[in-house]
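S.K.: So the chains spell out like this:
Protein chains: 2
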Amino acid sequence: MLEKGTMAILELHSAPGHLIRRLQQIAVALFMAETRTFDLTPLQYAALLGIRENPGCDQTTLANYVALDRSTIADVVERLESKALIRRKPGARDRRTKRLDLTPAGRKLVSAASSAVGAVQEMILAPLKPAERVMFMDLLRRLVHLNNEHSRAPLRLNGEETRPRRTA
Amino acid sequence: MLEKGTMAILELHSAPGHLIRRLQQIAVALFMAETRTFDLTPLQYAALLGIRENPGCDQTTLANYVALDRSTIADVVERLESKALIRRKPGARDRRTKRLDLTPAGRKLVSAASSAVGAVQEMILAPLKPAERVMFMDLLRRLVHLNNEHSRAPLRLNGEETRPRRTA
DNA sequence: TACTGATCATCAGTATACTGTCAAGTTGTC
DNA sequence: GACAACTTGACAGTATACTGATGATCAGTA
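Keeping their order, the protein sequence lines are chains A and B. Yeah, the first sequence ends on 168 if you go by the numbering used here, and it's all consecutive. Yeah, the second sequence ends on 168 if you go by the numbering used here, and it's all consecutive.
Keep in mind the hints are simulated off the structure, nothing from the lab. Hints are supplied without guarantee of correctness; some may be wrong.
Claimed, not checked - Partial selection, computed: residues in chain B whose CB lies under 8 Å from chain A:
id : residue
1  : L10
2  : R22
3  : A27
4  : A29
5  : T41
6  : P42
7  : L102
8  : T103
A virtual CB, placed ideally from N, CA and C, is assigned to each residue, including glycine.
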């Protein structure tokens, strides 16, 4: 016999992992439905925001900012460039890097989409009462923050060191 | 000037959608790390559970049970079949369908993996205090349940009707 | 200066997760 | 039985989201 607490966690429809996946599905579906006219995906929007906050950054910095691995950000960046929303030019100081910047069209699109995106964020939480929304967001934020290092693509801001640089 | 409540929701790192995506990343990473020896993905495990609970079901029923669209479940099912964890045979009553069942190997693998999967579910919530975990899971469950219809692949159990069948 | 280790972007490969379309098969109605 | 409406699984196409490898470049040391 299993204990009460263990039972639930082994049932698919009560498992945290499963419910988290479904909530993500829902969030993406709401995003796509509400921002249809802008032809943007959640990640593309996040990348645009990231570039706006870090003008001239390289792809790795952007990947760390949106918490994504470099391969995936490369794909996203390519699509944004092909839509002429961003520009990519080789870095002068470090010629391995490609420096990223919004184009005027990109800047305009982010502004235009922002209120729809804000609406999506509220729609996700809409089923909860206001006090519950605050509680859920607090718990969610802490869960993500404290589990950050378990992610394969952890958030890193301002060139935080992952490991101390080798000194010997 | 924006109101206080609106400010946070527009900042990438506080946005519900972004945090949900990151928590899902973390959950998947933990799953893959803890179940490495079983060579299973979260979805493959969910599908195996779904087939075990619905022996002889068709792919659409399974898709509804794990809350996934039919195209994605088709890919998952194909991989499970190629690993000889499930069997697929044409339905006798309805020859469009493929009926799904676990093989002995599949049954054995689900059992073997279940404690590792259970451990993952607890690891996801580990940063929270026990009372907070209960609260988070309650809010998460309600959010998913009440937003179910917004998903492109909503959960449907036991052949729930999506729309009333045309009668005229 | 040559060497070592690290980093940057890219590539190939795998697995979700959807859209839309299609042929085959089923069901309800007349 | 004929017909229309629908369902089932398959397929092509797009976009995440990762792994592991590689070549180019950079930074620190001997």
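S.K.: Quick one, is the L102/B hint okay against chain A at 8 Å, beta carbons?
M.R.: Violated, because the Cβ-Cβ distance from L102/B to chain A comes to roughly 15 Å (cut-off 8 Å).
S.K.: When the nearest CB of chain A is found for A27/B, is that gap smaller than 8 Å?
M.R.: OK, holds: A27/B within 8 Å of chain A, min 5 Å.
S.K.: Would the hint on P42/B stand, with a C-beta cut-off of 8 Å toward chain A?
M.R.: 6 Å, holds
S.K.: Given a cut of 8 Å on the nearest C-beta pair, is the interface hint for R22/B held or broken against chain A?
M.R.: Holds. Min distance 5 Å.
S.K.: Hey, does the T103/B contact hint survive, CB to chain A under 8 Å?
M.R.: 20 Å, violated
S.K.: Should the hint that A29/B touches chain A count as held when the rule is a Cβ pair under 8 Å?
M.R.: Since the shortest Cβ distance to chain A is 5 Å, the answer is holds.
S.K.: Any CB of chain A closer than 8 Å to the CB of T41/B?
M.R.: 11 Å, violated
S.K.: Against chain A, with CB atoms and a cut of 8 Å, does the hint on L10/B hold up?
M.R.: Holds, about 6 Å.
Hints 5, 7 and 8 from the list above are not met by this structure, while the remaining hints are.
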